[in-house]
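Model the full assembly from the supplied sequences, consistent with the hints where possible.
Read top to bottom, the protein sequences are chains A, B, C and D.
The opening position of the first sequence corresponds to residue 174 in the working numbering, with each subsequent residue numbered one higher.
The opening position of the second sequence corresponds to residue 174 in the working numbering, with each subsequent residue numbered one higher.
The opening position of the third sequence corresponds to residue 174 in the working numbering, with each subsequent residue numbered one higher.
The opening position of the fourth sequence corresponds to residue 174 in the working numbering, with each subsequent residue numbered one higher.
To be clear, the hints were calculated from the coordinates, so they are not data collected in a lab.
This one's a predicted model, so the numbers in the text were calculated from it and none came from an experiment.
Check before you lean on any hint, since a few could be wrong.
What the hints assert, rightly or not - Partial chain B-side listing against chain C, Cβ under 7 angstroms, derived:
| no. | residue |
| --- | --- |
| 1 | GLU184 |
| 2 | ALA186 |
| 3 | VAL201 |
| 4 | THR205 |
Glycine residues also receive a C-beta, built at the ideal position from the N, C-alpha and C atoms.
4 protein chains.
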Amino acid sequence: MAVFLTRRRVELADTDLEGMVHFARCLVYMETAEHELLAAAGVSIGTDAAGRRWSWPRVKVECEYLAPLAFGDEVEIAVSVAERGRSSVTYAHRLSRGGEPVARGRVTAVCCRRRDDGGLRPEPIPAELAAVLDGYL
Amino acid sequence: MAVFLTRRRVELADTDLEGMVHFARCLVYMETAEHELLAAAGVSIGTDAAGRRWSWPRVKVECEYLAPLAFGDEVEIAVSVAERGRSSVTYAHRLSRGGEPVARGRVTAVCCRRRDDGGLRPEPIPAELAAVLDGYL
Amino acid sequence: MAVFLTRRRVELADTDLEGMVHFARCLVYMETAEHELLAAAGVSIGTDAAGRRWSWPRVKVECEYLAPLAFGDEVEIAVSVAERGRSSVTYAHRLSRGGEPVARGRVTAVCCRRRDDGGLRPEPIPAELAAVLDGYL
Amino acid sequence: MAVFLTRRRVELADTDLEGMVHFARCLVYMETAEHELLAAAGVSIGTDAAGRRWSWPRVKVECEYLAPLAFGDEVEIAVSVAERGRSSVTYAHRLSRGGEPVARGRVTAVCCRRRDDGGLRPEPIPAELAAVLDGYL
Chain A
174 MAVFLTRRRV ELADTDLEGM VHFARCLVYM ETAEHELLAA AGVSIGTDAA GRRWSWPRVK
234 VECEYLAPLA FGDEVEIAVS VAERGRSSVT YAHRLSRGGE PVARGRVTAV CCRRRDDGGL
294 RPEPIPAELA AVLDGYL
Chain B
174 MAVFLTRRRV ELADTDLEGM VHFARCLVYM ETAEHELLAA AGVSIGTDAA GRRWSWPRVK
234 VECEYLAPLA FGDEVEIAVS VAERGRSSVT YAHRLSRGGE PVARGRVTAV CCRRRDDGGL
294 RPEPIPAELA AVLDGYL
Chain C
174 MAVFLTRRRV ELADTDLEGM VHFARCLVYM ETAEHELLAA AGVSIGTDAA GRRWSWPRVK
234 VECEYLAPLA FGDEVEIAVS VAERGRSSVT YAHRLSRGGE PVARGRVTAV CCRRRDDGGL
294 RPEPIPAELA AVLDGYL
Chain D
174 MAVFLTRRRV ELADTDLEGM VHFARCLVYM ETAEHELLAA AGVSIGTDAA GRRWSWPRVK
234 VECEYLAPLA FGDEVEIAVS VAERGRSSVT YAHRLSRGGE PVARGRVTAV CCRRRDDGGL
294 RPEPIPAELA AVLDGYL
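What follows is the structure, given as structure tokens:
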């Protein structure tokens with residue numbers, strides 16, 4: 174089992190008047206970490222080599238907050254794959270700061286192809302991408 | 174059982190390149206609806222009449238996305254209280270558009286007093302506020 | 174000369190650790206007010222009646238901040254049109270709270286048609302919309 | 174004259190339905206670059222070594238947008254100091270992608286001390302920080 178690791182620093186615009194990171198921004202941190210995992214594997218969300226447009230709508234997110242994050246903190250985000258279905262993937266995220274856990278979350282996204290009319294149709298995850306994801310199971 | 178209802182319209186900055194509301198913004202919609210519920214009951218997050226500072230950190234959030242929201246859509250947000258403990262409250266949110274459910278979520282927040290050193294200490298929910306919340310159970 | 178007026182309340186996620194609205198959110202307030210002005214005139218950004226896709230990229234923004242806005246404040250946003258060219262429009266915005274000015278800004282947007290390849294091409298502002306804008310000059 | 178350089182990658186949550194970075198996010202990119210400049214010089218916004226609280230409210234921002242930024246683009250942000258007064262500093266920012274200019278902006282911030290009642294009072298920029306800023310003039 175592999176875990177994908179990335180880091181980022183808390184920015185002022187991520188905080189709110191309580192002086193800590195606004196809880197919804199943690200979900201953005203998690204999403205960006207997923208995209209970095211995919212990019213590191215040479216997979217781009219968006220358009221594939223054949224010009225088809227893909228989309229990964231989230232159908233479920235959850236997050237538990239264990240400790241507050243402050244401006245300037247360096248956050249480590251560890252992403253793995255908790256479950257991989259035919260069309261869906263559930264990522265598990267662990268956010269920490271200097272080894273201390275600060276949040277853990279799960280996000281389920283569905284692999285969709287964008288139709289010409291703009292609508293989305295679920296599709297099996299392409300084999301190459303499924304292999305990448307399974308490497309993080 | 175009462176349900177608190179509020180409405181808002183999707184703004185451009187709430188959307189992302191997929192053309193729909195970014196999933197993390199739905200959680201902001203939910204949070205703002207809670208604050209409106211409290212404000213409607215005459216309760217402000219922040220400082221109380223005695224000058225004490227309160228804070229309501231979230232310890233858990235979850236959201237299921239049932240249908241995408243587009244720019245300009247009017248969203249109705251219905252908030253009720255799923256559970257009310259001594260120091261914590263779990264809100265249940267239902268987002269809909271023209272009667273169609275688009276998301277449902279739950280958020281658990283803990284009532285904390287801000288100490289002089291800036292730290293947070295969980296406190297029993299003040300009786301007056303507990304009564305307001307129980308009205309939405 | 175007409176001025177378009179709208180109101181909104183400062184949300185928690187609009188603030189930062191300084192306890193006031195983050196400066197970049199004021200620009201979102203301004204943008205949303207423009208969209209409300211257009212919607213009130215029956216004009217939608219995005220797709221027109223003939224199915225053509227329009228886009229209004231900003232080429233210039235500026236904002237002066239006169240007083241801080243706090244969580245829960247009701248902000249009044251007054252929009253007028255400072256200049257209207259063949260393809261561009263410069264909006265002037267005044268933000269106030271209870272009659273007190275809090276910010277004033279200007280935003281220049283260019284009317285563009287979205288081409289099939291996704292690119293943008295400046296176009297003359299459609300006559301009907303130009304008439305709406307000129308009503309706010 | 175020195176220029177402070179930093180880089181970041183466009184995230185999904187930075188984009189809007191037009192498929193490009195929302196204009197207000199560019200101002201967040203600029204602000205974060207300022208904080209990185211200060212952090213690189215060992216200066217933290219917020220509290221100083223003597224425990225005094227500082228704040229740098231923006232009094233003016235402006236930005237010209239020269240080309241759109243897309244999801245995944247790597248943005249280079251170059252910050253210099255256009256003007257340095259007794260209590261204020263005007264930063265000049267240049268955003269580029271692979272050498273192509275995409276935006277240029279200016280931001281004026283005022284050095285303030287936070288009083289015990291929460292209010293802000295403009296103060297001369299501390300000498301050590303003034304020297305850092307002057308290095309970027």
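So, going through the hints one by one against the coordinates:
no.	hint	result
1	GLU184	holds (5 angstroms)
2	ALA186	holds (5 angstroms)
3	VAL201	holds (5 angstroms)
4	THR205	holds (5 angstroms)
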